[in-house]
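Protein sequences appear in the order of chains A and B.
Numbering of the first sequence is given in numbering that gives the first Met the number 0, commencing with residue 0 and proceeding in unit increments.
Numbering of the second sequence is given in numbering that gives the first Met the number 0, commencing with residue 0 and proceeding in unit increments.
Ranges of calculated distance between the beta carbons of each label pair, as one might list FRET restraints: (1) B:Ala33 / A:Asp162: 35 to 45 Å; (2) A:Thr193 / B:Glu181: 49 to 59 Å; (3) A:Ala287 / B:Lys290: 37 to 47 Å; (4) A:His204 / B:Val32: 18 to 28 Å; (5) A:Asn101 / B:Ala263: 35 to 45 Å; (6) A:Pro349 / B:Asp135: 14 to 24 Å; (7) B:Asp297 / A:Ile24: 54 to 64 Å; (8) A:Thr345 / B:Glu337: 17 to 27 Å; (9) B:Ala263 / A:Leu62: 43 to 53 Å; (10) A:Ala287 / B:Pro25: 37 to 47 Å.
Honestly, the hints are just simulated from the structure, not real lab data.
Beta carbons are placed, not taken as given, at the ideal position from N, Cα and C, and that holds for glycine.
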Amino acid sequence: MSQRMDQFRSDIRNFCNRNIPADLIHKTRLNLHLDKEDYVHWQRILRKQGWFGGHWPLEHGGLGWGKLQQWVFEDELAFQGAPWTIPFGITYVGPVIYTFGNEDQKRKYLQPILNSEIWWAQCYSEPNAGSDLASLKTSAIRDGDSYVISGQKTWTTMAHWADMAFVLARTDPAAPQQRGISFFLVDLSSPGVTVRPIETIDRCHEVNEVFFDEVRVPAANLVGEENKGWRYAKFLLSQERLLVAEVGKARRMVANILALARKTGGEDSIANDRGWRQSLVDIEIDIAGLEALCMDLLGQAESGSEPGPEASLLKIVGSELMQRISSCRLDVLARHGLAYHVPALTAGVPDVLIDGAAGSIRDYLHGRAVTIYGGSNEIQRNIIAKSVLEL
Amino acid sequence: MSALSLDERMLFERAIDQYLADNSQPESRSARVASRELRAADWASYAELGWLALPVPVDHGGIGGWLSDMLPVMEAAGRGLLLDPLVPSLVVVPALLAEAHELLARTTLPRIASGELRFAYGGRGDVSPNDAPAPDLTARRHGNRWLLNGCKRAVLFAGDTDMLVLAACDQGSGQWGLFFVEPDAHGIQCSSYAMLDDRTAGTLRFEECAVNATMAMVGPHAGHAIVDAERKGAVAVAMDSAGAMAALNALTLDYVRTRMQFGATLGSFQVIQHRLVDMMIAHRRSLALVKSAIADIDSRTAGWEQKALMCKAAVGRDGRFVAEQAIQLHGAIGMTEEYQAGQYAKRLLVNDALFGTGPVCRERLVDIALEAECSRRGFRGGNK
Chain A
0 MSQRMDQFRS DIRNFCNRNI PADLIHKTRL NLHLDKEDYV HWQRILRKQG
50 WFGGHWPLEH GGLGWGKLQQ WVFEDELAFQ GAPWTIPFGI TYVGPVIYTF
100 GNEDQKRKYL QPILNSEIWW AQCYSEPNAG SDLASLKTSA IRDGDSYVIS
150 GQKTWTTMAH WADMAFVLAR TDPAAPQQRG ISFFLVDLSS PGVTVRPIET
200 IDRCHEVNEV FFDEVRVPAA NLVGEENKGW RYAKFLLSQE RLLVAEVGKA
250 RRMVANILAL ARKTGGEDSI ANDRGWRQSL VDIEIDIAGL EALCMDLLGQ
300 AESGSEPGPE ASLLKIVGSE LMQRISSCRL DVLARHGLAY HVPALTAGVP
350 DVLIDGAAGS IRDYLHGRAV TIYGGSNEIQ RNIIAKSVLE L
Chain B
0 MSALSLDERM LFERAIDQYL ADNSQPESRS ARVASRELRA ADWASYAELG
50 WLALPVPVDH GGIGGWLSDM LPVMEAAGRG LLLDPLVPSL VVVPALLAEA
100 HELLARTTLP RIASGELRFA YGGRGDVSPN DAPAPDLTAR RHGNRWLLNG
150 CKRAVLFAGD TDMLVLAACD QGSGQWGLFF VEPDAHGIQC SSYAMLDDRT
200 AGTLRFEECA VNATMAMVGP HAGHAIVDAE RKGAVAVAMD SAGAMAALNA
250 LTLDYVRTRM QFGATLGSFQ VIQHRLVDMM IAHRRSLALV KSAIADIDSR
300 TAGWEQKALM CKAAVGRDGR FVAEQAIQLH GAIGMTEEYQ AGQYAKRLLV
350 NDALFGTGPV CRERLVDIAL EAECSRRGFR GGNK
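So here's chain A without its partners, still in its complex pose (with noise of 0.2 Å):
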């Protein structure tokens, strides 16, 4: 990498180790719940320093970083232990209002995505509309100078602490599947919208179901063109697409992993199995391939050259890596029972045997999605062969 990249991620470094807070990182290092409050207040850090919204464009207030800069500050904050950038806002809607939205809708929501004021949800998929995405049928009909949207929406993240959310709805139910939708800006305190709480199988409460009974939303809250929905939408992924391998991330787990191992079981310990070692090798090996590939295709990027769709192989093989390693954590635990203690998810409380056992339970657990949202893996070999392969 670049001398660049390499001071880039020095500053980062240096930033981290002085600005992240003690109690975000002893959260951060056992995977404890984060609140709202712990995101926002790490967000508005990072835009002290100017670096919430990098990539954004110098004249919406980012400082124009490319897609190879971008991947380096996130990943390198993830190796750092900094929490998930949350992308809603600043790396989804935030890009597309300034690319797609009209000044107004520039002037009224872009700041305050940088200043981490206004909170943002992505409403996309519904109960009959997963991979199917473009089947879905909640409606936006004109009336007058608003748009009455209804219909429901599921999977949807932190819903529970948005202020807003991007909505894909159908307002041409005659045209043929993509070329009838249109992307809304919604305020989720208007009338008619219901969130929901979903439990998942970690026993924690991160996504929901969003209902839209009728709801109000002015025609100045569509962004671009009507029907070109799926248009901004598509955009959306590719912009994400290069950028969703965790390579940082996977390296702070597996340092987590054998500080895990050390501590646990002494004699006895899972770090002595001969296996377990080859296993955790490989999963190194595979991070420095999976890097390699980011290196490789955000090269191609950097020289102007944007990759396609083959770039979604990085979604593929990192989520797959990640599950690996979310799995090789879970095994350390194994043999010392399997004790689910879900109130030590919160900092503060004691976990009943293993400090940290809690929250890579609920790592393991909370990664089975990481290859079925953001398009399953199935789709992603699908796009490949397809528009790739040309099989």
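Keeping the supplied structure of chain A fixed, place chain B upon it in accordance with the hints.
Frame of chain A, contents of chain B only:
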């Protein structure tokens, strides 16, 4: 080998299916997690169904069943996500008592059959190389009693049973001993916790806890009995996993046959079909290995210990595969707590951790293979 005729077996299995059908609603399951009384009532139902008499010899008031007779019950436990201490009570402890002195056997076995006793089991722990006793729990002879001191971790079902059965190190001989202790005996502290799949375990701390010598098995035979009983326990856990896999495969098959995306059922896509075939193979192989291990145990075939270890290791690996694929094929709904897929997946993960994780079983198999190779070549002392 079986203590039941074919007809009896068929009726027995049908009654099991009926019991599961009557008691399988998710709400009833969470009610059981929360209520001691409901769980005690379940155990009484198992007595009525004849499950508890199966492993008890006829002379002690039981049916005198073989391990093969336990398969429908253990499989049902996995299929029905039962929370009760079936493996310790119906497999491990009866196996131990078969090697115990007459008084202990005579006073304990009938109380298993009657439903009076449910057992928690704290064994060697997963990680003793060469089956050597770990010093965590020790026993010291004092007149006609033994005094227990130390700590026993990961005691299955501690906190919710009538009798604790614990392996400890006899300080005098340095060998394994086995001790039957009542949970409210003086000198015991129990902190129990829920495992990932809602079954319970506990950490027990002992301070000069007195156990009558009649309630102990100490001596060279105790060590062998413990190892053998735990291998059988491992196979029983594998039976449970086979049941969980069967249920999870059926659930997943049903889902992909009905769920539609892109104008077609998920099951019409070749990738999904192949994945389901692999899941089917995983279950069939697991069940076949379980039956093979059971047959070797019941007929005392040489090498049954290796078969038991292989069975446990293979079923652990196949079980995790089925658990993970089932969630993947269900998509996001598989990630919800409400839906059954996640519950089966958690069961399979916990089972893999009980009575020998994959890595531990594999290490032991390598040791056994190397010992066999050395004795074949005539070396003394074996190789590690």
